[in-house]
Amino acid sequence: MNKFFKTLYITIILLFLYFPLIIVAVYSFNSTKSTTLWGGVTFDWYIKLFSNKSIISALLNSILLTVIVTVLSVILGTLGSIALNRFKTKLTKIFFPLVYLPVLTPEIIVGIAFLQIFSMLDLKFGLATLILSHISFCVPFVMIVVSARLNSLQNNLEEAARDLGASVWQAFFHITIPELLPGIISGAALAFIMSFDDVIISFFMSGATVTTLPVKVYSMMKVGVSPEINALSTIVLLITFVCVIVINVKKPTKNLL
Amino acid sequence: MKKVLSLILLVILTVCFSSCSSNEKEVICLFTWEGYVPLDIIEKFTKETGIEVNYTNFSTNEEMYAKLKAVNAGEYDVVLASDYIFETMARDGGLMTEIDKTKISNWSNISKSYLNKNFDPGNKYTVPYATGSTLIAYNPKTSPVKVTGYKDLLNPKLKGQIVSIDEMRVVIGMMNLMLGNSLNETDEQKLADAKDALNKLMPNVLTFNSDKPHEVLLSGEATVGLMYSSQVSAAIAENSDIEVVYPVEGIGIGIDSFCIPFNAPNKEGAYKFIDFLNRPEINAAIMPQIQYGTTNAAAVDLLDDEFKNNKAINIPEEYTLNSEIICDVGDVNNVYSDIWTQAKMSTQ
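Going line by line, the protein sequences match chains A and B. Read in order, the letters of the first sequence correspond to residues 19 to 275 in my numbering. Read in order, the letters of the second sequence correspond to residues 2 to 349 in my numbering.
Be a bit skeptical, because a hint or two may be false.
Straight line, CA to CA, 16 Å or less: simulated EDC-like cross-link-like pairs of lysine to aspartate or glutamate [stated by the list, open to error]:
{"hint": "1", "chain 1": "B", "residue 1": "K125", "chain 2": "B", "residue 2": "E99"}
{"hint": "2", "chain 1": "B", "residue 1": "K191", "chain 2": "B", "residue 2": "D339"}
{"hint": "3", "chain 1": "B", "residue 1": "K196", "chain 2": "B", "residue 2": "D339"}
{"hint": "4", "chain 1": "A", "residue 1": "K71", "chain 2": "B", "residue 2": "D41"}
{"hint": "5", "chain 1": "A", "residue 1": "K240", "chain 2": "B", "residue 2": "E64"}
{"hint": "6", "chain 1": "B", "residue 1": "K273", "chain 2": "B", "residue 2": "E49"}
{"hint": "7", "chain 1": "A", "residue 1": "K240", "chain 2": "B", "residue 2": "E63"}
{"hint": "8", "chain 1": "B", "residue 1": "K70", "chain 2": "A", "residue 2": "D140"}
{"hint": "9", "chain 1": "B", "residue 1": "K312", "chain 2": "B", "residue 2": "D242"}
{"hint": "10", "chain 1": "A", "residue 1": "K71", "chain 2": "B", "residue 2": "E44"}
{"hint": "11", "chain 1": "A", "residue 1": "K240", "chain 2": "B", "residue 2": "D212"}
{"hint": "12", "chain 1": "A", "residue 1": "K51", "chain 2": "B", "residue 2": "E239"}
{"hint": "13", "chain 1": "B", "residue 1": "K125", "chain 2": "B", "residue 2": "D93"}
{"hint": "14", "chain 1": "A", "residue 1": "K66", "chain 2": "B", "residue 2": "D41"}
{"hint": "15", "chain 1": "A", "residue 1": "K71", "chain 2": "B", "residue 2": "E53"}
{"hint": "16", "chain 1": "B", "residue 1": "K113", "chain 2": "B", "residue 2": "E325"}
{"hint": "17", "chain 1": "B", "residue 1": "K158", "chain 2": "B", "residue 2": "E222"}
{"hint": "18", "chain 1": "B", "residue 1": "K45", "chain 2": "B", "residue 2": "D276"}
{"hint": "19", "chain 1": "B", "residue 1": "K104", "chain 2": "B", "residue 2": "D276"}
{"hint": "20", "chain 1": "A", "residue 1": "K66", "chain 2": "B", "residue 2": "E44"}
{"hint": "21", "chain 1": "B", "residue 1": "K147", "chain 2": "B", "residue 2": "E244"}
{"hint": "22", "chain 1": "B", "residue 1": "K268", "chain 2": "B", "residue 2": "E27"}
{"hint": "23", "chain 1": "B", "residue 1": "K152", "chain 2": "B", "residue 2": "E250"}
{"hint": "24", "chain 1": "A", "residue 1": "K51", "chain 2": "A", "residue 2": "D62"}
Because the hints were derived from the structure by calculation, they are not lab data.
All chains should be built: construct the whole structure from the sequences, respecting the hints.
Structure, rendered in structure tokens:
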């Protein structure tokens with residue numbers, strides 16, 4: 019009986035999490051445009067999706083933006099965490115909260131703030147402003163995760179390496195970085211997600227020529243979200259699932275995330 | 002590490018430069034909701050004129066306004082948004098180009114119903130594109146009363162049978178129209194009358210629902226609904242017993258319109274684009290795709306029959322000619338808010 023309830027409970031939780039996603043995927047094969055009526059199976063939306071220049075270019079923009087932002091945020095965030103961890107002064111205690119304060123600030127405020135600053139500086143809105151603003155809210159996420167990893171480590175290994183004749187750089191690349199890797203990967207994953215699905219800041223930062231996918235999808239509310247988006251979501255979900263499965267199968271013992 | 006860094010910088014630089022130097026072809030930047038101008042129409046435009054269209058999006062009018070101000074009314078060539086925001090922008094000044102009607106050869110195609118409205122007198126800055134309105138939908142088979150106008154909604158027989166969109170200005174505006182006043186009434190005494198009328202309406206309202214009022218009507222919980230034309234159309238599509246009512250007291254409409262930002266980089270291209278969309282055959286091809294009413298009188302006859310017969314979307318000129326648009330009422334907005342909150346509180 020106890021086991022029955024356990025299974026039931028887990029089933030309900032899983033349904034709660036995955037049912038909406040399943041609906042999205044199922045309706046990407048719906049032959050009518052409705053989100054409630056079922057009209058038969060079709061692959062038309064997938065074909066339409068790939069011939070829709072507007073959506074595909076937004077998707078490519080989003081991917082390019084996210085990759086650049088993730089790489090830069092990881093580099094900046096990791097270096098920042100190491101610096102904060104290594105050089106402890108009286109200011110460190112104030113500095114760390116300052117780093118993650120932007121994460122707690124409502125996005126609309128950050129968006130408007132960037133909008134004003136960049137227009138004051140007369141910067142042209144586009145990929146460059148998108149990258150700068152996204153880095154600003156992704157770095158804190160990387161720093162939070164990497165700092166947590168750093169604090170759980172002991173410094174002995176790096177010191178031992180130096181003792182045995184490794185240069186500063188060698189010790190850094192062969193000891194510190196591999197040790198931090200799990201934290202760096204989780205930080206990168208977080209940064210990737212935050213950047214990829216951001217709507218509000220992206221809207222204010224995108225220019226007349228560059229727009230990102232979430233901004234595009236969100237602005238479809240006016241005429242109704244088209245099933246092409248269901249098709250796109252299904253593809254993205256599939257890729258995500260495959261990635262997660264591959265990571266978990268490859269490293270069954272070491273928990274990366 | 003250095004290699005990775007320099008590679009990234011290289012990518013960023015190439016991207017920045019490539020986006021700056023792609024000006025060999027003539028381009029216009031269109032700023033509106035995604036899907037509101039169908040892609041096949043844009044492709045036709047590019048094929049005919051050789052002008053590429055950059056299609057970027059906003060999701061609310063207010064966002065568009067903030068963005069346009071930040072870029073000093075430049076960068077974008079054509080902005081397509083809702084009526085009331087243009088009134089605010091006009092008051093701000095320096096954001097929109099005065100429309101040179103001689104550059105729009107299809108200007109005469111535009112229906113008089115949608116020109117010279119209160120949000121932009123004389124169409125100084127805007128060109129109408131598409132329209133929607135607030136209408137009554139009801140099911141004559143289940144409703145205890147015959148509905149012809151707003152006054153019928155106050156009939157006590159309809160207790161707990163009305164679903165309405167949750168929009169303060171729309172609902173109070175409807176009471177204003179019922180009393181023979183302006184949709185944008187600012188007179189204190191007349192608003193007090195509207196308040197009394199609203200208090201009589203409240204017991205009849207089952208629920209306020211802006212997103213899916215038609216579903217409340219379809220489920221049979223409500224027999225009468227006050228909702229946007231697109232929602233009425235959705236209701237009728239699912240249940241042919243449901244009828245649309247053009248209220249005898251008048252209807253409130255909305256007009257989504259184009260404007261050309263003051264510092265638009267390619268104003269000539271913008272005029273060409275607006276003119277192209279007002280060609281009767283082009284306009285008639287757009288409207289069934291976006292499911293909004295056309296503002297183009299010459300396009301009406303060319304609409305496909307199914308869409309043309311959709312009474313919820315295509316409203317006869319006699320009803321739209323003198324219709325008003327909800328506009329900014331300034332400080333009086335507080336009076337509206339008070340009436341609205343008090344009426345809602347009293348029924349809870």
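Hints and how they fare:
no.	hint	verdict
1	B/K125 <-> B/E99	holds, 6 Å
2	B/K191 <-> B/D339	holds, 15 Å
3	B/K196 <-> B/D339	holds, 10 Å
4	A/K71 <-> B/D41	holds, 11 Å
5	A/K240 <-> B/E64	holds, 14 Å
6	B/K273 <-> B/E49	holds, 11 Å
7	A/K240 <-> B/E63	holds, 14 Å
8	B/K70 <-> A/D140	holds, 13 Å
9	B/K312 <-> B/D242	holds, 14 Å
10	A/K71 <-> B/E44	holds, 10 Å
11	A/K240 <-> B/D212	holds, 12 Å
12	A/K51 <-> B/E239	holds, 14 Å
13	B/K125 <-> B/D93	holds, 14 Å
14	A/K66 <-> B/D41	holds, 12 Å
15	A/K71 <-> B/E53	holds, 12 Å
16	B/K113 <-> B/E325	holds, 13 Å
17	B/K158 <-> B/E222	holds, 15 Å
18	B/K45 <-> B/D276	holds, 13 Å
19	B/K104 <-> B/D276	holds, 8 Å
20	A/K66 <-> B/E44	holds, 15 Å
21	B/K147 <-> B/E244	holds, 11 Å
22	B/K268 <-> B/E27	holds, 11 Å
23	B/K152 <-> B/E250	holds, 9 Å
24	A/K51 <-> A/D62	holds, 11 Å
Every hint, counting from the list given before, is met by this structure.
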